[in-house]
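Trainee: With these hints in hand, go ahead and build the complete structure from the sequences.
Protein sequences appear in the order of chains L and C. Residue numbers for the first sequence follow this note's numbering, beginning at 3 and rising by one. Residue numbers for the second sequence follow this note's numbering, beginning at 63 and rising by one.
FYI, nobody ran anything at the bench for these hints, they're computed from the structure. This structure is a prediction, so every number in the text was calculated from the model and none was measured. Ideal Cβ positions, reconstructed from N, Cα and C, are used throughout, including at glycine. Please note that the accuracy of each hint is not assured.
Mimicking DMTMM-like on lysine to aspartate or glutamate, the simulated pairs with C-alpha atoms at most 25 Å apart in a straight line are [as the list claims (entries may be wrong)]:
id, chain 1, residue 1, chain 2, residue 2
1, L, Lys-136, C, Asp-122
2, L, Lys-31, L, Glu-174
3, L, Lys-136, C, Glu-129
4, L, Lys-31, L, Glu-225
5, L, Lys-136, C, Glu-216
6, L, Lys-136, L, Asp-78
7, L, Lys-136, C, Glu-137
8, L, Lys-136, L, Asp-126
9, L, Lys-136, C, Asp-126
10, L, Lys-136, L, Glu-174
11, L, Lys-31, L, Asp-78
12, L, Lys-31, L, Glu-200
13, L, Lys-31, L, Glu-185
14, L, Lys-136, L, Glu-120
15, L, Lys-136, L, Glu-113
From chain L, some residues computed to sit far from chain C (all C-beta separations above 12 Å) [what the hints assert, rightly or not]:
id, residue
16, Gly-14
17, Lys-31
18, Pro-32
19, Arg-50
20, Ala-53
21, Gln-62
22, Gln-71
23, Glu-89
24, Glu-110
25, Thr-112
26, Gly-143
27, Asp-165
28, Val-177
29, Gly-253
These stretches of chain C come out as covered by chain L in the derived footprint (C-beta under 8 Å, 3 or more residues) [as the list claims (entries may be wrong)]:
id, segment
30, 119-133
31, 138-152
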Amino acid sequence: MATASISLRDVGRTFGATRALAGVDLDLKPGVTGLLGPNGAGKTTLLRLLATALPPTQGQVRVLGRDPQVSAQRTDIRRQLGYQPQEIGFPRGFTAFAFVDYIALLKEWTEPAARHAEVRRVLDLVGLSDLSSKRIRAMSGGQRRRVALAQALLGSPAVLILDEPTTGVDPEQRVVLRTVLAEIARMSVVVLSTHQTEDVAALCERVIVLDRGRVRYDGPVTELTGQAAGRVWLADEPDPAASVSWRTGTGRYRNVGGRVRDGAEHVEPSLEDAYLLLRGGSPEPETAGEVAS
Amino acid sequence: MTGWHLDDDALRRYVERTDSLAEGTSAEQHLLSCEPCRARVNTAASVIELSVIDIATVWDRTRDAIEVPRPSVFERLLRGAGLPAQEARLVAVASAFRGVWLTGVAAVLAFAALAAAVGHARGMWLFLAVAPVVPCLVVASSYDPWMDPALEPELVTPYPMLRLVLLRTVAVLALALPAVLLSGLLIPTEVPFAWLLPAVGFVAVVLAASTWFSPLRSAIAVSSVWLGVIWLLALRSGAPEAVLQARAQAAFLALAAASFSIFLVRRRRLHQLRPWR
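Mentor: And the structure:
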């Protein structure tokens, strides 16, 4: 079996006068890659490009060695692709089983017995087998996210694109989903965007930080975290020179960046610390006028 | 004790679980009250290899009975009409947007009643303004990302978007047109179905425009232009039949043919359908 891969060369995407992505070069292999960035950094646009839902306005995209701009090749890609969009709606009155079954039908699972077995398998993977007959409208937000994830897992795709898969999902289920995704990533390219740095730290070997449509960091999670070594400490007072500083539950202040003062206690940096340092301390600035999606 | 017993074949199918759900239920009911047949089941089960009794299959069938949604009346009708089960299912999903076309059909019926009440000329203008635009609005609603919130995962499946759009178009037209046709009979005119060709033309224009813009935006634009044209014509001449002359009808037919050709040529652009936001 050939190794799954994705490559992007100088890829850009604009929406009218708004630039959402610019000059993106990436090579993705099997494994889980996390996509971090503030709102409007271009994460969703990048994922939609990888999922063949959106063509680039510049550059070259290759998914599994195929060109998504060519109709027949795009269809080939889609046969091996799972995609969970950021926002997903469900037809009125559908149960979890009915919706996933409907998407399975569109994914060419025409034989009913095999299709139903596959629908059950993916609903079981996301922990929804007991709720398969429940109407989606009556489900919680987290359960709906899991229905959306289940349809993406149909057929164990070689490429799995997930836009904020863990939003609204409870901690126990997030652990279950991490296990499922780690197993799939042994053979498949899994790219997920999230605002949960702990998900990236727990699951991803590689992290890409996007900012204003450009790749700001691309490398191992441990390397990014390592960049913050020695720059995170606890003190009794907030440091005005720190990139960010906040009061922790113990009453002491966690300072990220800035100058280490006397009496400060160095602590192990987290991925979130490293991300905030990379971003220059601004937690989630909006980038109006530059990036749309 | 009952007056009959399971025959050997039925008993074997029951033990091997190769019977249908209905047959199995019937056998089970019988076994509850028939001691001799229960004894035969025990004997038969003891000589059958365990591997023959596929527990997983039995379990799957049981779950199917609970989980697989029963086809809607509409879906069963489509299957009865000869449409393959898979296509019938995909078309039936479009009927989930029945709220949209019901609104459209209700609008036409209301306008038809109003048109019948206000008399021949003015009534005909009213009906002519509304009837042709309803089909294109309901068709656009059936595959517009704004109306179909599941469109994004649908778009990235290998199923051809062109086929899905056309299936839905045919489905909603099949649902909406009979009601609009009937309402045409309420209008005091000699040509109650003359709005059909404009409607076909507008549906084709919306399909073609959907390769550039969002379907709903296209349908609203087409409807607005049509209402403007009708308003201007009504101001200039009092006779609505002018719109329905052979030349005008031929123009609508040409519009439909040209638009549908553009749609087919640009069909690959459908994958870029964007929501209206």
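Trainee: Each of the hints needs a verdict: does it hold here or not?
Mentor: Going through the hints against the structure:
no., hint, in the structure
1, L:Lys-136 <-> C:Asp-122, "18 Å, holds"
2, L:Lys-31 <-> L:Glu-174, "28 Å, violated"
3, L:Lys-136 <-> C:Glu-129, "9 Å, holds"
4, L:Lys-31 <-> L:Glu-225, "18 Å, holds"
5, L:Lys-136 <-> C:Glu-216, "21 Å, holds"
6, L:Lys-136 <-> L:Asp-78, "33 Å, violated"
7, L:Lys-136 <-> C:Glu-137, "21 Å, holds"
8, L:Lys-136 <-> L:Asp-126, "14 Å, holds"
9, L:Lys-136 <-> C:Asp-126, "14 Å, holds"
10, L:Lys-136 <-> L:Glu-174, "21 Å, holds"
11, L:Lys-31 <-> L:Asp-78, "18 Å, holds"
12, L:Lys-31 <-> L:Glu-200, "22 Å, holds"
13, L:Lys-31 <-> L:Glu-185, "15 Å, holds"
14, L:Lys-136 <-> L:Glu-120, "18 Å, holds"
15, L:Lys-136 <-> L:Glu-113, "24 Å, holds"
16, Gly-14, "16 Å, holds"
17, Lys-31, "21 Å, holds"
18, Pro-32, "20 Å, holds"
19, Arg-50, "8 Å, violated"
20, Ala-53, "5 Å, violated"
21, Gln-62, "18 Å, holds"
22, Gln-71, "10 Å, violated"
23, Glu-89, "8 Å, violated"
24, Glu-110, "6 Å, violated"
25, Thr-112, "6 Å, violated"
26, Gly-143, "14 Å, holds"
27, Asp-165, "10 Å, violated"
28, Val-177, "25 Å, holds"
29, Gly-253, "45 Å, holds"
30, 119-133, "holds (count 7)"
31, 138-152, "holds (count 4)"
Checked against the numbered hints given earlier, the structure breaks hints 2, 6, 19, 20, 22, 23, 24, 25 and 27 and satisfies all the rest.
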